[in-house]
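Number of protein chains: 2
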Amino acid sequence: MQVEVEYLGQMAFRGITPGGHTVQMDAAPEVGGQDSGARPTEVLLIALAGCTGIDVVSILQKMRVSIQGFRMAVEGSRQEEHPKVFRQIQLAYRIDSPDATAEQVKRAVRLSQEKYCSVSAMLEKTAGLEIAVYLNGQEVERFSRGAMVTNK
Amino acid sequence: MQVEVEYLGQMAFRGITPGGHTVQMDAAPEVGGQDSGARPTEVLLIALAGCTGIDVVSILQKMRVSIQGFRMAVEGSRQEEHPKVFRQIQLAYRIDSPDATAEQVKRAVRLSQEKYCSVSAMLEKTAGLEIAVYLNGQEVERFSRGAMVTNK
Numbered sequence: 363m364q365v366e367v368e369y370l371g372q373m374a375f376r377g378i379t380p381g382g383h384t385v386q387m388d389a390a391p392e393v394g395g396q397d398s399g400a401r402p403t404e405v406l407l408i409a410l411a412g413c414t415g416i417d418v419v420s421i422l423q424k425m426r427v428s429i430q431g432f433r434m435a436v437e438g439s440r441q442e443e444h445p446k447v448f449r450q451i452q453l454a455y456r457i458d459s460p461d462a463t464a465e466q467v468k469r470a471v472r473l474s475q476e477k478y479c480s481v482s483a484m485l486e487k488t489a490g491l492e493i494a495v496y497l498n499g500q501e502v503e504r505f506s507r508g509a510m511v512t513n514k
Numbered sequence: 363m364q365v366e367v368e369y370l371g372q373m374a375f376r377g378i379t380p381g382g383h384t385v386q387m388d389a390a391p392e393v394g395g396q397d398s399g400a401r402p403t404e405v406l407l408i409a410l411a412g413c414t415g416i417d418v419v420s421i422l423q424k425m426r427v428s429i430q431g432f433r434m435a436v437e438g439s440r441q442e443e444h445p446k447v448f449r450q451i452q453l454a455y456r457i458d459s460p461d462a463t464a465e466q467v468k469r470a471v472r473l474s475q476e477k478y479c480s481v482s483a484m485l486e487k488t489a490g491l492e493i494a495v496y497l498n499g500q501e502v503e504r505f506s507r508g509a510m511v512t513n514k
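Which chain is which? The protein sequence lines are A and B, in order.
My numbering puts the first residue of the first sequence at 363, with every later residue one more than the last.
My numbering puts the first residue of the second sequence at 363, with every later residue one more than the last.
Hints are supplied without guarantee of correctness; some may be wrong.
Same chains, same names: a pair is fine if it fits in one copy or spans any two.
Here are the simulated lysine to aspartate or glutamate pairs, EDC-like style, with alpha carbons at most 16 Å apart [to be verified]:
#	residue 1	residue 2
1	Lys477	Glu442
2	Lys468	Asp458
3	Lys468	Glu503
4	Lys424	Asp461
By construction, these hints were calculated from the structure, which means they are not laboratory data.
Extracted from the complex, chain A is given alone in its bound form (with noise of 0.2 Å):
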């Protein structure tokens, strides 16, 4: 797997998949940046979103639970001194459906977390991860994963 990310001026990057795919990356105004983009930190947290979502869809489908709505927040906290590194990333899953139960998203959640998803595995080296599982805006799950190290 290979992507090609190109300098396009003061603190601007553009990405660029194998597949045309482009992701738009800036710094903040305050340390020269222009906020033309996304900062990179945030690209990571969209990462680790997108490939446990697309587990959880993947597996709530096999499941032939029916998906009328699923959004993820994504928050993570930095420690002070460089580099930078993501200590704590809270992760909530809002999904909304009409037929799956509460056990189909639990489980789906925790096969991405425990299993399938490699962003997760990758980040939960550093940081600990916090999960919180919604279905039709009811909490069903909630959890902890990977290093828990003690955050300032």
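Position chain B relative to chain A; hints supplied.
This is chain B only, laid out in the frame that chain A set:
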């Protein structure tokens, strides 16, 4: 730092940053996707290049060096079993500059990889990073970082 990622149907997702920047993701057709966006693991490699790229530009700018062109190629190899984490990542920096010395460019890349780049610091817990640096088309540096695991 928080991002939202929403499901668009089939296997497609869209990430949204607080600044309103979006990243489109989708699975490959072989696994039920429609290739309407990047694979999440491609997005991860793009985040890596964006993170270290911004560092390098920022350091070179502080050195008052002009950058005429700058491209990065990132190639990741994943393990075969789940979770299919990256075990080897090759990252090539190709910088064109009329006035930068090899020492300046090497130092900028070293500083990013060894001190500043948070995405590198996270990924090198599972992957070995092989770094190559080119200045005006000539290789000026090559070094390795991170997990020197045996890869199959």
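| query | Taking each numbered hint in turn, which are not upheld by the structure, reported in ascending numerical order? | reply | none
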